[in-house]
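Starting from the known structure of chain A, fit chain H onto it as the hints suggest.
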Amino acid sequence: MFKILRKEILGPEMVLMELAAPNVSKTAEPGQFVVIRVYEKGERIPLTIADFDRSKGTVTIVFQKIGKTTHLLGTKNEGEELADVFGPLGNPTEIESFGKVVVVGGGIGIAPIYPISRKLKSKGNEVIAIIGYRSKDYVFWEERMRSVSDKLLIATNDGSYGEKGFVTDVLKRVLEQEKGIERVFTIGPAIMMKAVADMTRPYNIKTIASLNSLMVCGMGMCGACRVTVGGETKFTCSDGPDFDAHLVDFDELMKRLNIYKEEEKLSFEKWKEEVK
Amino acid sequence: MNVNKKLTPMKEQEPHERRNNFLEVPLGYTKEEAVLEASRCLQCPTHPCVDGCPVHINIPAFIKAIKEEKFDLAIDIIHESNLLPAVTGRVCPQEEQCQAVCVMGKIGDPVGIGRLERFVADLDLEKRRKGEVMMPKKEKDKGIKVAIVGSGPAGLSCAADLARMGYDVTIFEAFHVAGGVLVYGIPEFRLPKAIVQEEISMLSNMGVKFVFDFLVGRTRTIQGLFDDGFKAVFIGSGAGLPQFMHIPGENLGGIYSANEFLTRVNLMKAYKFPEFDTPIKKAKNVAVIGGGNVAMDAARTALRLGAEHVYLIYRRSREEMPARAEEIVHAEEEGIDFVLLSNPIRYIGDEKGFVKQVECIKMQLGEPDSSGRRRPIPIEGSEFKLDIDEAIVAIGTTPNPIIAKTTEGLKIGKHGEILVDENLQTSVRGVFAGGDIVTGAATVITAMGAGRLAAKSIDRFIKGEI
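So the sequences go chain by chain: A and H. Under numbering that gives the first Met the number 0, the first residue of the first sequence carries the number 0, and numbering increases by one thereafter. Under numbering that gives the first Met the number 0, the first residue of the second sequence carries the number 0, and numbering increases by one thereafter.
Because the hints were derived from the structure by calculation, they are not lab data. It is possible that part of the hints are untrue.
As the list claims (entries may be wrong) - Label pairs and their in silico Cβ distance ranges:
#1 A/R5 x H/K351: 54 to 62 Å
#2 A/N76 x H/Q196: 24 to 32 Å
#3 H/E138 x A/T232: 46 to 54 Å
#4 H/S370 x A/T232: 19 to 27 Å
#5 H/I246 x A/P201: 29 to 37 Å
Glycine included, each C-beta is placed from N, C-alpha and C at the ideal position.
For reference, chain A alone in the conformation it holds in the complex (with noise of 0.2 Å):
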């Protein structure tokens, strides 16, 4: 079992948990994911490492409360346990001295970009952030961000907090007037990473999106969250969760997050009547 040693309120629906994962903790590098099962009939999702702290022995997860399984997750407390904290999954994100860097990344996404931007930084690139919340309340981690990059730049969808608009207009501007970017690096929403990806192709800058693939397993053996990059088969635990944003095939990627909307439906309905 796992401890649930910190939770964190961080806007509307979305919550923060660091957990006592000694064995993940140990190994974990930025990009990485955790598979997690809340309880005994639970099902297995799949989490990008928010961050990790060795000496304390823990992980830290952010979800958003969309379906049954992170509302669930939601309504555990400090010092309750989960069922299974398993990883550090996936292959980190290649991370070297490039130059000068973008991150973008949109809502629940920004998590999971922190700690490749602190490595990132840590190296010497120069680190330009665009960070896109729905609106103000849902504003997170912003100081945090600021602290691993040299330029951080703030979307809101309504324009609540920072610029009106979405990652990819100030990602436009970005484009524009910088010269010399090395690599650009998205975690979002799938949609939000096509447009990164359709953005910076005419630019022919490197551009690597973390993939948020169904999972069953997290570990190769049953190819539930394979996408198809470049034109061939891949597994997004195993082979991913970073991939060549300009070879792969969002329309499939979401297409395939859709597989289980109607049972999610059902699940999360039955779950609010048990709760009420």
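Here is chain H on its own, set in the frame of chain A:
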């Protein structure tokens, strides 16, 4: 002497009943039936059955004990070589192993060795449930740590033997329960999961430690295990990488690898959704691709999930099917529709991205290929389509590459298998491997045999003999 030439029958759930439930199909022998079947054993002096068994159970001795109604003695004899007889009694292909060479087979049916093994094992589990625990004999603790990677058949049997020798054994398992393919792969109706856990609990009683949610290669590398104080490592991580055909449309919704389909149903209990949270698509018309045991398991599982029609598409003819004869018969009895000498060439999806048809091409058999089976050749212009809303690809698995990729100096063969010497030692000293990760997908009992051999080798390695 008048010996009954016929195998004592075992009761089974009727096909029309069982296709609607996940309960076990064969129901096991009663005491009377077991004693009767045991009396068919000739106790021949050559006992070829023992050599036919990959873990060399003293078969005539345990059968004699059953005949004399000394059931405790029978289980002790089996436990000397095999701590999971309730499992192997159910899933071993005895007809290709011990029973294939049984002398009785020359004049009639071979002795039902597997059924007898299952009988004593089940009797033992019943006694254990009542609190009567028979502990296998153990040597004095050596205080030497050995790591086992994977809790499938190979890892469990290696751990059991090492624990008996007095080693301090830890099994690292990636999933949240022990058993490997016994829990994620083989369905409940062939191997009840409660039985697997009961058998495995014997290992815990012997002091074997289990660490779950631990993926060797990621959570810790093999080298990391040595740094943590382990003196030897056994890799029994199995052939977990599912193969796809790489044909158009294979990533449509509703298309699963057999591993995913069976893992959702068996390990995650998706057949009880929404009581359990893991979903599975409920389909009307299902195509299973493949002709092995896993294909049969997937087809029969799809039926039990409520499918109206399940096609089993296999590119060769029934004769070449690699599945056990018993499983093929079970599938057929339950109404699986065998589409033989046919191979999928593409899947066709609807506008939402779900599969709605599979297009196949008819095949004919040509000259034998490297496997000795006749090579299937497509017949031009013979394409046909089947309406389906789910497909399960069960064309085999290859070794999982994670350990190979993260272990320096570990030599790998061309199919991703770990290369070992005659002692099952890999190219890295102190690291041993066995089971499907070495052989590619094989049987539970072959993996258990490898686990036992590796245990012997690890003991010799630690003593400095190899």
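For each hint, the structure was consulted:
Restraint check, A/R5 to H/K351: a C-beta distance of roughly 41 Å breaks the suggested window 54 to 62 Å. Checked against the hint of 24 to 32 Å, the C-beta distance between A/N76 and H/Q196 comes to roughly 30 Å, which is consistent with it. Our hint of 46 to 54 Å for H/E138 and A/T232 holds, since their Cβ atoms are close to 49 Å apart. The hint said 19 to 27 Å for the Cβ distance between H/S370 and A/T232, and at roughly 25 Å that hint holds.
A hinted range of 29 to 37 Å holds for the C-beta pair H/I246 and A/P201, which are about 33 Å apart.
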